[in-house]
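Protein sequence lines, in the order shown, are assigned to chains H and W. For the first sequence, the numbering used here assigns the number 1 to the initial residue and increments by one for each residue that follows. For the second sequence, the numbering used here assigns the number 1 to the initial residue and increments by one for each residue that follows.
Some clues are possibly wrong.
Copies of the same chain look alike in the list, so a pair counts if it fits in one copy or across any two.
[Claimed, not checked] Below, computed lysine-lysine pairings styled on DSSO-like, alpha-carbon distance capped at 27 Å:
hint	residue 1	residue 2
1	Lys41	Lys72
2	Lys12	Lys78
3	Lys12	Lys72
4	Lys28	Lys78
Because the hints were derived from the structure by calculation, they are not lab data.
As a plain string of letters, each chain reads:
2 protein chains.
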Amino acid sequence: MEYIARVEVSLKPGHSDPEGETTKNSLKELNYPVREVRVSKVYRIILEASSAEEAEALVEEMCQRLLANPVKDDYTFKVEEKI
Amino acid sequence: MEYIARVEVSLKPGHSDPEGETTKNSLKELNYPVREVRVSKVYRIILEASSAEEAEALVEEMCQRLLANPVKDDYTFKVEEKI
Chain H
1 MEYIARVEVS LKPGHSDPEG ETTKNSLKEL NYPVREVRVS KVYRIILEAS SAEEAEALVE
61 EMCQRLLANP VKDDYTFKVE EKI
Chain W
1 MEYIARVEVS LKPGHSDPEG ETTKNSLKEL NYPVREVRVS KVYRIILEAS SAEEAEALVE
61 EMCQRLLANP VKDDYTFKVE EKI
């Protein structure tokens, strides 16, 4: 069966976010009253697995091995069956 | 008052996603059974506004002027008051 995983990878609190900083500065130059911008990334992954549990275990592994950097990133994900 | 906006910017369907493609290939090299990966970006923005309606109008403008490219990106956002 096919499953869709939605993985969000964001910087841990306290880690500097240069892209967010740049975006904030650009928005301020355009006169928007912004105080903070943080950027995170969402991976939408279609994968094959025999059950939702297997799909979740695979996605957990992908996060740890490739998608997130354990030193500086937090991640959350959800998996659902692809209709 | 301060508001938090969560803006998600993703490529329109049909637009190629080189970062998603690269991520898919890396996951396949690690033997994960993935068929597709698409990457999108989430901006978490803290901004000042006098009402939720004003905050939403500002974020809509930020999307159109800076955060999203109207040719290739779709965007969605939600705004809530910062507690």
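Violated constraints from the hint list, given by number and in increasing order:
Of the numbered hints given earlier, the structure breaks none, since each of them holds.
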